[in-house]
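Chains as they are written, first to last, in my numbering: chain H, 955 to 1449; chain D, 4 to 177.
Rather than coming from a laboratory, the hints here were simulated on the basis of the structure. Ideal Cβ placement from N, Cα and C applies to all residues, glycine included. Mixed in with the good hints there might be a few duds.
[As the list claims (entries may be wrong)] In silico negatives: residues of chain H with every beta carbon more than 12 Å from chain D:
1. K1004
2. W1122
3. V1123
4. E1298
5. G1308
[What the hints assert, rightly or not] Derived DMTMM-like pairs: lysine to aspartate or glutamate, alpha-carbon spacing no greater than 25 Å straight-line:
6. D:K164 / D:D140
7. D:K128 / D:D82
8. D:K129 / H:D1106
9. D:K128 / H:E1286
10. D:K168 / H:D992
11. H:K1168 / D:E176
12. H:K1163 / D:D92
13. H:K1163 / H:E999
14. D:K129 / H:D1266
15. D:K128 / H:E1298
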Amino acid sequence: MSTATIHLEQGLPTASEAQVLPPPQWVEGHPALGQITDDIAHPLEARPGKGWWICFGIAFTALLNLGGMVTYLIAKGIGVWGLNNSVGWAFDITNFVFWVGIGHAGTLISAILLLFRQVWRTSINRSAEAMTIFAVMCAGLFPAIHMGRPWDAFFIFPYFPNQRGPLWVNFRSPLVWDVFAISTYLTISLVFWYLGMVPDLATLRDRAKGGIKKFVFRLLSLGWNGSHRTWARYEIVSLVLAGLATPLVLSVHSIVSMDFATSVLPGWHTTIFPPYFVAGAIYSGFGMVLTLLIITRQTMHLQRYITLAHLDKMAKVTMLTGMIVSYAYATEFFSAWYSGNMYERYHFINRATGPYAWCFYLMVLCNVIVPHLLWTKKARTNVPFLFIVSILINIGMWFERFVIIVVSLHRAFLPSGWGMFYPTVVDVGVLVGSFGLFFTCFLLFIRVLPMIAMWEIKGVVGHGAHKIALSADEDGTEPLSGDNEETGQPEVVSA
Amino acid sequence: MPNTFVIATFSDADSLLGAVRAVRAENFRIFDAYAPYPIHGLDHAMGIRRSRLPWVTFLAGLMALTFALSFQFYTSVFDWPLNVGGKPDNSALAFVPICFELTVLIGGLATVAALFLRARLYPGKKESLPANGVTNDQFALALRERDSFFNMEHLVAILRKSGAKNIQQKVGEL
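Let the sequences and hints guide you as you build the complete structure.
Structure, rendered in structure tokens:
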């Protein structure tokens, strides 16, 4: 006999039951469990549609372009970029920070929302995590290629035996912290993503009729058979990983921001950078999640799982983080004025009125004004409108990094050291190419792996919905009496 | 000697949960339950202790932290002290980010490795499914004959009452 029955007999609803009603509706209709498997596995088993081929064609062309551009870059040296003595970092580091930032929304959705027990994350966490991994891959490309000798890129890691004599990497340098942060982030994200996929890979294995598909899924699913003893451990490990990934993701962009903040350059040398970068990362990441999921739900016909309610929630997070970013912009200007430091003041005057002012105003338009278009629910559930907004956010956040990096560098302390940066074809080509790499990976991912976590959806859709809501207030269910040493009295909630 | 299992299948999680409770109330030992998703409350019902895997995280993290701190200390103070902006050789605060990253990295990887070892999951393992569809939409309960003193008719009666669709005996390993 469970406590729930007792209360029903007495006619007293418990606190937990009060929370349960009405159950959250994160999937449209009431699909049976088998139906969910069929729906989500369908894109992996059917032939791709026209929309997918068009997207893939464009992305793959851009990827080929990246290959060509990077080959040319390595053959000729970074002189083919528009860098000069004043502006030694431009598109490369802008792209790096942009792509790392994109990744952050994935971890936010998969780890932080898991800790906060936000059930709505279940339909989108898998693809958001995939986005994280591909974005971090794109990010990792730039530090590697912006070195004069990319074949020596492994020098950034300390390694054994140390062939540099006893000279080690400088552990006091944020650039070295960055190496550790990004590689840890990529590794932990990959492991978290793969671990979350194991039960789904087993589902696909059991669906596969045979041949190479069955072989590969069997290899990857590690013999998973749905044992609850394993599930119990698995859930604990997922929580542990989420708990590790949460501070990790905050550390990654904080450390990226320290690459700038620990220098003395006006516009960079500021303590607001870590939280400002993290908020910006989540803002840009949610912009990209929106872009990707809108494309995916249309081309893969998954509107039932990625509902308007999901888009609405994501738009709200975007709006919130957009406003945090706006606040950070205002604080930067205020601090520049309040510091009384003339270089700092000049930097911000130059930012708003100098030769790159158009970049600044584009950034303000996209990051400060655009989020406010999302105040009404009508706007947040209008798919084409949201798509345009998400693209604008991506553009705005790329320009934010450009403004921070290039505008700070081009006019620093001495006017004799001032200069301008003009991108070359190779600069733009590598940027476009990195989008090619990203979208090619993502489009292949949605064709060969389950892009929605089937087992999590099943847990939410079944009776699982209210069980998950209940778990927030620690086990409304009564442990079975018997040999369970921890059996306490059934929890009775008085009215 | 091969084991003999009694396997009951269910089409929803609540029936499985009910069956686990009913069977355990009669002092049968549950070998395992199988489901396409983790059923909340089943741990309690089956009497599974909370996993000790977080200890692996803790210990591995602690080791990584110790390693990261001592390695940075060794390289910066003993092996090749380098004057960077007049900062002290042992600038312990500057070592914090790498200590943190390595703690998370090693702690996370060790936890997952421990899970795979403990749950005996490894690439290429041949899956042993108690019934078809437990990774799709079926739920199953397995009892090993060796574990409990079996009165088959009694057990079947309990399982049927709890809503089992199908009850069968299986000889082999799960």
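Is D:K129 within 25 Å of H:D1266, Cα to Cα?
violated, 43 Å
Does the alpha-carbon distance linking D:K129 and H:D1106 stay inside the 25 Å limit?
violated, 43 Å
Proposed proximity, H:E1298 with D:K128 (alpha carbon, max 25 Å)
violated, 62 Å
Are the Cα atoms of D:K168 and H:D992 separated by 25 Å or less?
The hint holds at about 22 Å.
Status of H:K1004, Cβ more than 12 Å from any chain D Cβ:
holds, 30 Å
Hint consistency between H:K1163 and H:E999 [alpha-carbon to alpha-carbon, up to 25 Å]:
holds, 11 Å
Non-interface claim for H:E1298 versus chain D (Cβ beyond 12 Å)
holds, 21 Å
For H:K1163 and D:D92, compute the direct alpha-carbon distance and say whether it is at most 25 Å.
violated, 63 Å
Verify this label for me: H:V1123 is non-interface relative to chain D, using a Cβ-Cβ cutoff of 12 Å.
violated, 8 Å
Nearest-CB test (12 Å) between chain D and H:G1308
Correct as stated: the minimum Cβ-Cβ distance to chain D is 31 Å, above 12 Å.
Are D:K128 and H:E1286 close enough, with their CA atoms no more than 25 Å apart?
violated, 56 Å
Consistency of the no-contact label for H:W1122, given chain D and a CB cut of 12 Å:
At roughly 4 Å from the nearest Cβ of chain D, H:W1122 sits no farther out than 12 Å, so the non-interface label is violated.
The structure is inconsistent with the numbered hints 2, 3, 7, 8, 9, 12, 14, 15, although it conforms to all the rest.
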